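Using the hints, position chain B against chain A.
Chains as they are written, first to last, in numbering that gives the first Met the number 0: chain A, 0 to 312; chain B, 0 to 284.
I should point out that these hints are in silico values taken from the structure, not numbers from a laboratory.
Keep in mind the model is a prediction, meaning the values are calculated, not measured.
Just so you know, even glycine gets a beta-carbon here, dropped at the ideal spot from N, CA and C.
Among the hints, erroneous ones may be present.
[Stated by the list, open to error] Below, computed lysine-lysine pairings styled on DSS-like, alpha-carbon distance capped at 30 Å: (1) A/Lys150 to A/Lys201; (2) A/Lys163 to B/Lys266; (3) B/Lys207 to A/Lys163; (4) A/Lys253 to A/Lys112; (5) B/Lys258 to A/Lys201; (6) B/Lys21 to B/Lys86; (7) A/Lys150 to A/Lys163; (8) B/Lys94 to B/Lys21; (9) A/Lys201 to B/Lys266; (10) B/Lys266 to A/Lys12; (11) B/Lys207 to B/Lys35; (12) B/Lys94 to B/Lys127; (13) B/Lys260 to A/Lys201; (14) B/Lys260 to B/Lys35; (15) B/Lys23 to B/Lys207; (16) A/Lys201 to B/Lys207.
[Said to hold, decoys possible] Residues from chain A that keep clear of chain B, each with C-beta distances beyond 12 Å, as calculated: (17) Val71; (18) Val76; (19) Ser106; (20) Ala108; (21) Asn131; (22) Thr164; (23) Met170; (24) Ile217; (25) Ser258; (26) Leu264; (27) Trp267; (28) Ala284; (29) Thr302; (30) Asn306.
Single-letter residue listing:
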Amino acid sequence: MAFTAPKETYSGKVYPVTIGTGDTAVTFGGENVLPFHSFEGITPSRPVIAIEIQDVPPADWPDTVRKPYDAVSGDPVTWAKFCQDDLKAKAIALRLVGTHPDRENRSPADAVKTVKDVMAAVQVPLIILGSNHAEKDTSVLVAVAEAAKDKNCIIGKAQEANYKTIAAASMANNHKLIAMSELDINLSKQLNILITQMGFDKEKIITDPMCSALGYGIEYTYSVMERIRLAALTQNDVTMQQPLLGDIGMYVWKIKEASAPEADLPQWGTLEERGIAWEAETAAALMIAGAGLLIMRHPRAITEVENLIDELV
Amino acid sequence: MLIIGEKLSIIAKRVREAMMKKDKGPIQEIATRQWKEGSGVIDANIGPAEDGGEELMQWMVTTIQEVVPLPVCLDTTNFQAIEAGLKVHNNQWGKPMINSTSNDPERFPILELGVKYNCDVIGLTVGKGGLPADAEERAQIAAEIMGRAMEYGLPLDNLYLDPLVLQIATSQDHARHVINAVKMFREMNDPAMKTVVGLSNISNGCPKPLRPILNKYFFVMLLDAGLTAAIADAHEMAEVMQERSIISDVMAGKEIADKQKMTEIRKTVDVIMGRTLYAHSYLEM
Numbered sequence: 000m001a002f003t004a005p006k007e008t009y010s011g012k013v014y015p016v017t018i019g020t021g022d023t024a025v026t027f028g029g030e031n032v033l034p035f036h037s038f039e040g041i042t043p044s045r046p047v048i049a050i051e052i053q054d055v056p057p058a059d060w061p062d063t064v065r066k067p068y069d070a071v072s073g074d075p076v077t078w079a080k081f082c083q084d085d086l087k088a089k090a091i092a093l094r095l096v097g098t099h100p101d102r103e104n105r106s107p108a109d110a111v112k113t114v115k116d117v118m119a120a121v122q123v124p125l126i127i128l129g130s131n132h133a134e135k136d137t138s139v140l141v142a143v144a145e146a147a148k149d150k151n152c153i154i155g156k157a158q159e160a161n162y163k164t165i166a167a168a169s170m171a172n173n174h175k176l177i178a179m180s181e182l183d184i185n186l187s188k189q190l191n192i193l194i195t196q197m198g199f200d201k202e203k204i205i206t207d208p209m210c211s212a213l214g215y216g217i218e219y220t221y222s223v224m225e226r227i228r229l230a231a232l233t234q235n236d237v238t239m240q241q242p243l244l245g246d247i248g249m250y251v252w253k254i255k256e257a258s259a260p261e262a263d264l265p266q267w268g269t270l271e272e273r274g275i276a277w278e279a280e281t282a283a284a285l286m287i288a289g290a291g292l293l294i295m296r297h298p299r300a301i302t303e304v305e306n307l308i309d310e311l312v
Numbered sequence: 000m001l002i003i004g005e006k007l008s009i010i011a012k013r014v015r016e017a018m019m020k021k022d023k024g025p026i027q028e029i030a031t032r033q034w035k036e037g038s039g040v041i042d043a044n045i046g047p048a049e050d051g052g053e054e055l056m057q058w059m060v061t062t063i064q065e066v067v068p069l070p071v072c073l074d075t076t077n078f079q080a081i082e083a084g085l086k087v088h089n090n091q092w093g094k095p096m097i098n099s100t101s102n103d104p105e106r107f108p109i110l111e112l113g114v115k116y117n118c119d120v121i122g123l124t125v126g127k128g129g130l131p132a133d134a135e136e137r138a139q140i141a142a143e144i145m146g147r148a149m150e151y152g153l154p155l156d157n158l159y160l161d162p163l164v165l166q167i168a169t170s171q172d173h174a175r176h177v178i179n180a181v182k183m184f185r186e187m188n189d190p191a192m193k194t195v196v197g198l199s200n201i202s203n204g205c206p207k208p209l210r211p212i213l214n215k216y217f218f219v220m221l222l223d224a225g226l227t228a229a230i231a232d233a234h235e236m237a238e239v240m241q242e243r244s245i246i247s248d249v250m251a252g253k254e255i256a257d258k259q260k261m262t263e264i265r266k267t268v269d270v271i272m273g274r275t276l277y278a279h280s281y282l283e284m
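In isolation and in its complexed conformation, chain A is listed as follows (with noise of 0.2 Å):
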């Protein structure tokens, strides 16, 4: 007898997101099985890449991450453009982290500048990040997602402390909204619940359940997901499927193995490929538990990722 593969039927699906305007929209999302389980359904998009970049030169990224910057981070119009021209990417994460109380402490009014700036120079969809202060984001997403109104960008975070205002806003202007909680999938479930609550439409959430890198807790996170993708395929719950987000960047260049000089640790072997191969395989191992949507950094991280896709799809 002919060996027949064992298939599982799902009774839900995620939920497509599609960001941005015109012929550089894109889309993720829409799966009705297990990340690149299409020999079981539809798996209509690939999982979307979008390079960071921020609004103050990035003096605290590590030097393999910065030096492919160098020439373009002091400013963050010309950074925008060379992702958006030099490294073909399909969507930019400008995350304001120059507006946190403890950095620069940039207002919303400066803010909405550098927003409108980079607005105007590229054309690819924009994920606008605050700078994780739940108090300060509150002013400064409100402020960006009114300059961006319409041009259907994420605005995120919106995490329990600050919700309200940042999914008002978000709604207001036409823009989806990441939900962000710690590492916990039922308070994930809680806060999806809780701005749908408000009328904000639970197709346009994306869920950041908390993202921690390579040897740094990825098994949580991992995890998390995973159960977010069950419930959202097995259990049909249509407050979990929404698509996640993986935050990767941010978290793999602040970690020992990204900057730990060879001098020090010879056997960790070559800086410059170790911190791009933390990147990579963290950014992998969370696109297989389930994110749609991945925020990068290092352009040969992003390269190996984007084969990486290109081989499993």
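Okay, now just chain B, sitting in the frame of chain A:
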């Protein structure tokens, strides 16, 4: 069904203050109310009680039994405090209970006390190595506790197996593992082994209005599984018993007139059985 009244716990601020000040008033008031509401045993949880535990437990036992004709469940990890409490326990009102032994070697000597003072003993199915993963692991630990009880000479009739209820908000899968464990424990002896749970831990960490809802329906599901005893709020459990037939009807798939209640029961059962993912607002979805 034996209800072991849960309210006299050092975790509650009012009770803790009364214990510290040796103020009998609140303790006796709470004990009396639980007795009137249908408790058959009163739990006295004095915590680890490293300092002055013996004196405190004796004071608790006598304070409770001064006004309530019930046995006391002596709930502490302090061996000496339990023995001190047992010495003053008035067995005229029934057999005292000890909470608890387990599969942790440090907790084995509790069984000696159980034999020496002819007590009921709760056997919590955890070991030294952390929490049991599922019902099977709980049953495996239960078998070891049963074997040890026999070794020490404690009749199995005096042993209550406790599958360890965990918080549904963080350990959802364990709710159904606990229900399955109760069924498995019963089958481990003939006559069936006695079982007990710390019921309200299921809703620990949940929003306040949700707590009695989860406690009650979880209780009915455990009753259906054959549970013998519960450390619980007697008042809540009395309410359940009044509603039991409609709850059982809904659980059996029948429609009832009160649609809101029906939805509440169905959604809660789904969450307990792990068919939908728990979130604090699960009833609103």
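Holds or violated: lysine 201 of chain A with lysine 266 of chain B, Cα cutoff 30 Å? OK: lysine 201 of chain A and lysine 266 of chain B at ~20 Å, within 30 Å.
Hint check: lysine 207 of chain B vs lysine 35 of chain B, CA-CA at most 30 Å. Holds or violated? holds, 24 Å
Determine whether the non-interface label on methionine 170 of chain A survives the test: each CB of chain B must be over 12 Å from its CB. Since the minimum Cβ distance to chain B is about 19 Å, methionine 170 of chain A lies beyond 12 Å and the statement holds.
Are the Cα atoms of lysine 201 of chain A and lysine 207 of chain B separated by 30 Å or less? holds, 27 Å
Classify the label on asparagine 306 of chain A as holds or violated, using whether its beta-carbon is more than 12 Å from each beta-carbon of chain B. Holds, because the least Cβ-Cβ distance between asparagine 306 of chain A and chain B comes to about 35 Å, which exceeds 12 Å.
So leucine 264 of chain A supposedly isn't at the interface. Is its beta-carbon more than 12 Å from every beta-carbon in chain B? holds, 34 Å
Is lysine 150 of chain A within 30 Å of lysine 201 of chain A, Cα to Cα? holds, 19 Å
Going straight from one Cα to the other, do lysine 260 of chain B and lysine 201 of chain A come out at no more than 30 Å? holds, 27 Å
Quick check for students: does the CB of threonine 164 of chain A sit more than 12 Å from each CB in chain B? Threonine 164 of chain A is indeed farther than 12 Å from all Cβ atoms of chain B, at 20 Å.
Given pair status - lysine 266 of chain B, lysine 163 of chain A, alpha carbons within 30 Å: Cα-Cα ~27 Å, so holds.
Are the Cα positions of lysine 150 of chain A and lysine 163 of chain A separated by 30 Å at most? It holds: about 21 Å lies between the C-alpha atoms, which stays within 30 Å.
Hint consistency between lysine 260 of chain B and lysine 35 of chain B [alpha-carbon to alpha-carbon, up to 30 Å]: holds, 28 Å
Checked against the numbered hints above, the structure breaks none of them.
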